[in-house]
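Each chain is listed here by its residues.
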Amino acid sequence: MADLKIDIGGLLLKNPVMTASGTFGYGPEFDDFINVSDLGGIVVKGTTLEHREGNKYPRMAETPAGMLNSVGLQNKGVDYFAKHIYPAISHYDTHILVNVSGSRVEDYVKVCEVLNELEGIPGIELNISCPNVKEGGMAFGTSCPSAREVTKAVRAVYHKHLMVKLSPNVTSIAEIAKVVEDEGADSLSLINTLLGIAINAETRRPVLSTITGGLSGPAIKPIALRMVWQVANAVKIPIVGMGGIMNATDAIEFILAGASAIQVGTANFLDPTVTIKILRGIEEYLDRHNVATVKELVGAMECC
Amino acid sequence: MADLKIDIGGLLLKNPVMTASGTFGYGPEFDDFINVSDLGGIVVKGTTLEHREGNKYPRMAETPAGMLNSVGLQNKGVDYFAKHIYPAISHYDTHILVNVSGSRVEDYVKVCEVLNELEGIPGIELNISCPNVKEGGMAFGTSCPSAREVTKAVRAVYHKHLMVKLSPNVTSIAEIAKVVEDEGADSLSLINTLLGIAINAETRRPVLSTITGGLSGPAIKPIALRMVWQVANAVKIPIVGMGGIMNATDAIEFILAGASAIQVGTANFLDPTVTIKILRGIEEYLDRHNVATVKELVGAMECC
Amino acid sequence: MKKVTDFHVVEVQHLSHDTFIIVLQGTEPVIAVLPGQFAEVEVPGSPEVFLRRPLSVHGCDPVAGTISFYVKVVGKGTARMSELLPGEKVSVIYPLGNHFTILEEGRVLLVGGGTGVAPMLMLANKLKKAGAEPVMIIGGRSAADIHISDAYHAVAEMHVTTEDGSLGVKGRVTDHPLLKEEFNFNRIYTCGPDPMMKALSAIAREKGVVCEASLENTMACGFGACLCCVVKTTDGHKCVCTEGPVFDTTYLENW
Amino acid sequence: MKKVTDFHVVEVQHLSHDTFIIVLQGTEPVIAVLPGQFAEVEVPGSPEVFLRRPLSVHGCDPVAGTISFYVKVVGKGTARMSELLPGEKVSVIYPLGNHFTILEEGRVLLVGGGTGVAPMLMLANKLKKAGAEPVMIIGGRSAADIHISDAYHAVAEMHVTTEDGSLGVKGRVTDHPLLKEEFNFNRIYTCGPDPMMKALSAIAREKGVVCEASLENTMACGFGACLCCVVKTTDGHKCVCTEGPVFDTTYLENW
Ligand SMILES: Cc1cc2nc3c(=O)[nH]c(=O)nc-3n(C[C@H](O)[C@H](O)[C@H](O)COP(=O)(O)OP(=O)(O)OC[C@H]3O[C@@H](n4cnc5c(N)ncnc54)[C@H](O)[C@@H]3O)c2cc1C
Ligand SMILES: Cc1cc2nc3c(=O)[nH]c(=O)nc-3n(C[C@H](O)[C@H](O)[C@H](O)COP(=O)(O)OP(=O)(O)OC[C@H]3O[C@@H](n4cnc5c(N)ncnc54)[C@H](O)[C@@H]3O)c2cc1C
Ligand SMILES: Cc1cc2nc3c(=O)[nH]c(=O)nc-3n(C[C@H](O)[C@H](O)[C@H](O)COP(=O)(O)O)c2cc1C
Ligand SMILES: Cc1cc2nc3c(=O)[nH]c(=O)nc-3n(C[C@H](O)[C@H](O)[C@H](O)COP(=O)(O)O)c2cc1C
Ligand code: FES
Ligand code: FES
Numbered sequence: 001m002a003d004l005k006i007d008i009g010g011l012l013l014k015n016p017v018m019t020a021s022g023t024f025g026y027g028p029e030f031d032d033f034i035n036v037s038d039l040g041g042i043v044v045k046g047t048t049l050e051h052r053e054g055n056k057y058p059r060m061a062e063t064p065a066g067m068l069n070s071v072g073l074q075n076k077g078v079d080y081f082a083k084h085i086y087p088a089i090s091h092y093d094t095h096i097l098v099n100v101s102g103s104r105v106e107d108y109v110k111v112c113e114v115l116n117e118l119e120g121i122p123g124i125e126l127n128i129s130c131p132n133v134k135e136g137g138m139a140f141g142t143s144c145p146s147a148r149e150v151t152k153a154v155r156a157v158y159h160k161h162l163m164v165k166l167s168p169n170v171t172s173i174a175e176i177a178k179v180v181e182d183e184g185a186d187s188l189s190l191i192n193t194l195l196g197i198a199i200n201a202e203t204r205r206p207v208l209s210t211i212t213g214g215l216s217g218p219a220i221k222p223i224a225l226r227m228v229w230q231v232a233n234a235v236k237i238p239i240v241g242m243g244g245i246m247n248a249t250d251a252i253e254f255i256l257a258g259a260s261a262i263q264v265g266t267a268n269f270l271d272p273t274v275t276i277k278i279l280r281g282i283e284e285y286l287d288r289h290n291v292a293t294v295k296e297l298v299g300a301m302e303c304c
Numbered sequence: 001m002a003d004l005k006i007d008i009g010g011l012l013l014k015n016p017v018m019t020a021s022g023t024f025g026y027g028p029e030f031d032d033f034i035n036v037s038d039l040g041g042i043v044v045k046g047t048t049l050e051h052r053e054g055n056k057y058p059r060m061a062e063t064p065a066g067m068l069n070s071v072g073l074q075n076k077g078v079d080y081f082a083k084h085i086y087p088a089i090s091h092y093d094t095h096i097l098v099n100v101s102g103s104r105v106e107d108y109v110k111v112c113e114v115l116n117e118l119e120g121i122p123g124i125e126l127n128i129s130c131p132n133v134k135e136g137g138m139a140f141g142t143s144c145p146s147a148r149e150v151t152k153a154v155r156a157v158y159h160k161h162l163m164v165k166l167s168p169n170v171t172s173i174a175e176i177a178k179v180v181e182d183e184g185a186d187s188l189s190l191i192n193t194l195l196g197i198a199i200n201a202e203t204r205r206p207v208l209s210t211i212t213g214g215l216s217g218p219a220i221k222p223i224a225l226r227m228v229w230q231v232a233n234a235v236k237i238p239i240v241g242m243g244g245i246m247n248a249t250d251a252i253e254f255i256l257a258g259a260s261a262i263q264v265g266t267a268n269f270l271d272p273t274v275t276i277k278i279l280r281g282i283e284e285y286l287d288r289h290n291v292a293t294v295k296e297l298v299g300a301m302e303c304c
Numbered sequence: 001m002k003k004v005t006d007f008h009v010v011e012v013q014h015l016s017h018d019t020f021i022i023v024l025q026g027t028e029p030v031i032a033v034l035p036g037q038f039a040e041v042e043v044p045g046s047p048e049v050f051l052r053r054p055l056s057v058h059g060c061d062p063v064a065g066t067i068s069f070y071v072k073v074v075g076k077g078t079a080r081m082s083e084l085l086p087g088e089k090v091s092v093i094y095p096l097g098n099h100f101t102i103l104e105e106g107r108v109l110l111v112g113g114g115t116g117v118a119p120m121l122m123l124a125n126k127l128k129k130a131g132a133e134p135v136m137i138i139g140g141r142s143a144a145d146i147h148i149s150d151a152y153h154a155v156a157e158m159h160v161t162t163e164d165g166s167l168g169v170k171g172r173v174t175d176h177p178l179l180k181e182e183f184n185f186n187r188i189y190t191c192g193p194d195p196m197m198k199a200l201s202a203i204a205r206e207k208g209v210v211c212e213a214s215l216e217n218t219m220a221c222g223f224g225a226c227l228c229c230v231v232k233t234t235d236g237h238k239c240v241c242t243e244g245p246v247f248d249t250t251y252l253e254n255w
Numbered sequence: 001m002k003k004v005t006d007f008h009v010v011e012v013q014h015l016s017h018d019t020f021i022i023v024l025q026g027t028e029p030v031i032a033v034l035p036g037q038f039a040e041v042e043v044p045g046s047p048e049v050f051l052r053r054p055l056s057v058h059g060c061d062p063v064a065g066t067i068s069f070y071v072k073v074v075g076k077g078t079a080r081m082s083e084l085l086p087g088e089k090v091s092v093i094y095p096l097g098n099h100f101t102i103l104e105e106g107r108v109l110l111v112g113g114g115t116g117v118a119p120m121l122m123l124a125n126k127l128k129k130a131g132a133e134p135v136m137i138i139g140g141r142s143a144a145d146i147h148i149s150d151a152y153h154a155v156a157e158m159h160v161t162t163e164d165g166s167l168g169v170k171g172r173v174t175d176h177p178l179l180k181e182e183f184n185f186n187r188i189y190t191c192g193p194d195p196m197m198k199a200l201s202a203i204a205r206e207k208g209v210v211c212e213a214s215l216e217n218t219m220a221c222g223f224g225a226c227l228c229c230v231v232k233t234t235d236g237h238k239c240v241c242t243e244g245p246v247f248d249t250t251y252l253e254n255w
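So the sequence lines, in the order shown, correspond to chains S, H, E and D. 1 is the number of the first residue of the first sequence in my numbering; add one for each residue after it. 1 is the number of the first residue of the second sequence in my numbering; add one for each residue after it. 1 is the number of the first residue of the third sequence in my numbering; add one for each residue after it. 1 is the number of the first residue of the fourth sequence in my numbering; add one for each residue after it.
No lab work stands behind these hints, which were simulated from the structure alone. Hints may contain errors.
As the list claims (entries may be wrong) - Simulated pairs of lysine to aspartate or glutamate, EDC-like, Cα-Cα distance not exceeding 20 angstroms:
1. S:56 - E:175
2. E:89 - D:83
3. D:3 - H:31
Only a predicted model underlies this, so the values are computations on that prediction, with no experimental measurement involved.
If we strip away everything but chain S, and leave its shape as in the complex, we get (with noise of 0.2 angstroms):
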């Protein structure tokens, strides 16, 4: 049978089939359809320096093939996370990575020390990507200048693993890509949302109370698989992919295209087991292929 581990970047994954932020909670939501000690890693919500009570209701749209959100990274804080939630999954044999947002780089900074004393808590995911704050977030990571400065200060404070999330609203995200390994990011991934809107035509009004939201799902896919081949090609760290993968045959595509790991997002809405088919089905490809690693398949994806 195949070998799944796969090291991105110096974290060991038992296999490559990771959780997105803000679509598996932390965890225990899925305790009833899954074991999550299954997955390669899960990560959870966006994490704040201080609690935030997200964006007014509706915060979601379904659209064609996907669907918009702005939740706006609703969360209790990181103090709450380290109190009251952290000892409450540390119990999962996988690892469980902090997904690090913020509207200032030094709320970032004072998050990521926090979370480098918890020592269930193996890396960090620094999302520099998030559409839906009015302040920061994707600001972040629309600009090698604002993305070199915030990767910049995490590093210095940060010990473990730095894994950045990188936007896709942008012109080209080699270039981000490059600027946040120089600054000694150990792992990327991509994508967070691309920025949509709903409207819903009988009311004239935006189906969002935000206006804007973040589009995933199956119909990103194209987009996200672009993006991760080309950020593939622009750097040396291991890269995670994501964006609309709902069963195992979308995740050998972004392995082929480039990524060392995958994350599964808006799939665990329409099926909370998905993670585990996806993963039964990479070990099912592998070995209907005579791949005796993950690792072996990599960006495998013959061009020319």
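Following the hints, put chains H, E and D with the ligands in place on chain S, whose structure we already have.
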């Protein structure tokens, strides 16, 4: 019955339904299905200075709620258009715009000079956003200086309606829009396709000969709506919106977001009569909502 | 214990041009559902529908292995559901959310408006079994909206209001004498349009009784994973899918 | 005159585990289709299928108002088609493309491989009616791939090859004696896998006769609007959907 006429920067359309370049041939392809003259306007296939063979097969990939194409501006060149195609389509009682593409500013200029002389062509759509050609194309539309340069050069020689078609593959489409407006464009059309990839997991190869292609169809509608809304808030000239319009409700959404007219692209492939259905549906919507003119609906989304 | 599992369509009973009951047969033992709980139901074979649709459980019979939903066609998903044929496979995630409190004594009022009727029969049943005395008001625009079978009369004292007066008391549910001079209940349970529930909440407050309302919301998951379905409470944003759908209305902001 | 119109499924005849004939009944008078022409067929009720699917017309009966397709399941669209139930609505754009040339005399060879069989029965019929003498070879991997009814024998001299020898001549169609020492035809008509058609084209060139091949391609529209479906010819890129699907193979580059 509602008044469907709409003025887009000096060009008076009998109704807001146009067809998108590259998805409607030159018009005659649809003669069996609809009365082309019923449309507000048609935009013919991207036209370049010289004959172009386009990209190698395969040029198309189906994706979730959309498709990728990498046709790559296959056309017989502007002289052939002027001599052979134009006479065959000038009988249509609708505005025929020519989508002008190129790899170099001089080429754009030369094409426009030829088109200037064609009496029955009231305007061009300057394509600075084609993702499917190696040089030029999209590059012009993804940076402010180059968008400025090509628009300025074309404006200097082209005296009829100048519509500029923007690329969605940018960090800030509003900035590009402003530059193009500054240089004298009469209207803006958006969006062109988003750059994407499709991979065949079984063969481990990209589906398209060119690896990347342009994503169109309902999948991109939320992104297109967002960009139309952003650009409408940034410029004063009229906007022609497109991206995933499949029915009248979609069209109304674009108009509410700020588009004065719309273009139908990929939907023509699924239903060659769809443009007429959209036209009737807009009429029906206006009557049902007691809106006297399309114009009243432009940008009428109520945000707060 | 929630699960995601396949059911097969037994039948679609059309109650009117836009309202139907869909009965599903489980492929695995059916879990007992409490009144007010809901399910996330797949809409198979519709290219336009991406997400599941949240629906209150209308009936649940673990012995027969069936579950049913009372649905109104409002858009593409519910329209497609109304056309499902016997035998078609439908994936369901259930049971989701909290449930109405089952009092063991006293006269209690159940008010259903529109598809808010969905959980009411099961609720009345449970209340009666527990020892309470359920009285139910069903409101609609006209007689065509009211679909009450003998099963309702068997478990609750039934009342009807219609806005056009074509059946029962003319007016809205809040115009019914039982909610005015004749009010004599320990608690109000309600499900239906927000304005109706807010009016009932106001009456409950005035009368000094608890009002439990089942809320709707736009949901992506239905089980607490996405945080899309929030309602403003006196304690901040809460997820309707996990901390609701049933709320004591005093807990809701601006109610 | 092409049109887009609705049909209803009459039946799906399963020929084997992966091959079926689907018969559709028109809601409007059915247009006569020429052998080799194709249609763009909607795949209803499949969230994963976005575009129509191009299919050669297998049978067309304007009197009965029916049209049929001979289809092999290779992916999601064809799989869904195989499950369509009688009565389901299917939108079809047709007739599309050019057609095989109908000779009015002489012995002609028709070679179908896999679903390349689809247009062959209609072609043989037309040829025979016109005065030519059609001989047909159908090739497959094994007997299970060969589905020839009496209708074939009625219009053409039939031959079969199977790679495993379970029916007819063992080997590929090009291994058949009719394509070697016994070759005696005015023209070859073929539809099937590219390698097979290329081999036939080579034989035709050697024998100095015309070879007409029906090509496949990835199509978005099917009627010349998108320019997605090109093949390289001696005269540059041509659209398979409008200038094909049938090409004289001497016109194709690298054939
Ligand atoms: C916990 C819960 C229980 C529910 N129980 C029932 C039930 O028992 N029976 C029943 O018929 N319906 C019930 N609903 C509402 C039902 O989920 C929606 O009517 C359904 O999702 C609409 O799907 P659609 O595809 O038909 O409509 P769409 O095409 O998605 O939308 C059509 C219109 O309906 C509106 N709409 C869509 N979803 C909702 C929603 N969740 N709430 C309010 N408006 C919406 C849209 O804004 C739009 O204007 C319940 C909702 C929730 C959250
Ligand atoms: C003019 C024309 C006539 C045709 N006539 C017939 C016919 O009579 N009977 C029949 O069974 N098939 C015919 N085909 C092929 C048929 O269109 C494809 O098999 C079908 O589109 C596959 O759809 P799917 O959703 O099942 O496969 P997908 O899920 O879309 O793809 C499954 C696999 O099939 C491959 N594939 C998809 N489309 C094509 C294609 N157009 N050509 C080659 N490979 C493809 C894909 O690369 C993929 O590996 C014809 C094609 C053309 C262009
Ligand atoms: C409801 C929802 C909430 C999300 N919240 C976050 C978040 O807090 N932080 C973050 O980095 N990404 C967040 N995302 C983005 C996802 O992690 C992921 O990048 C995106 O959804 C694309 O993957 P998918 O198409 O598989 O969903 C959220 C996505 C959704 C749908
Ligand atoms: C097959 C195909 C060919 C296209 N060719 C051109 C072109 O030549 N010039 C151009 O500006 N846009 C071209 N486009 C882009 C469309 O005009 C349109 O911007 C895009 O498809 C989005 O609209 P839609 O989603 O309605 O298709 C092409 C699109 C497709 C699908
Ligand atoms: S619907 Fe996802 S958390 Fe409630
Ligand atoms: S498939 Fe569109 S031109 Fe041939």
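For each hint, the structure was consulted:
no.	hint	result
1	S:56 - E:175	33 angstroms, violated
2	E:89 - D:83	14 angstroms, holds
3	D:3 - H:31	10 angstroms, holds
Violation of the numbered hints given earlier is confined to hint 1; every other hint is satisfied by the structure.
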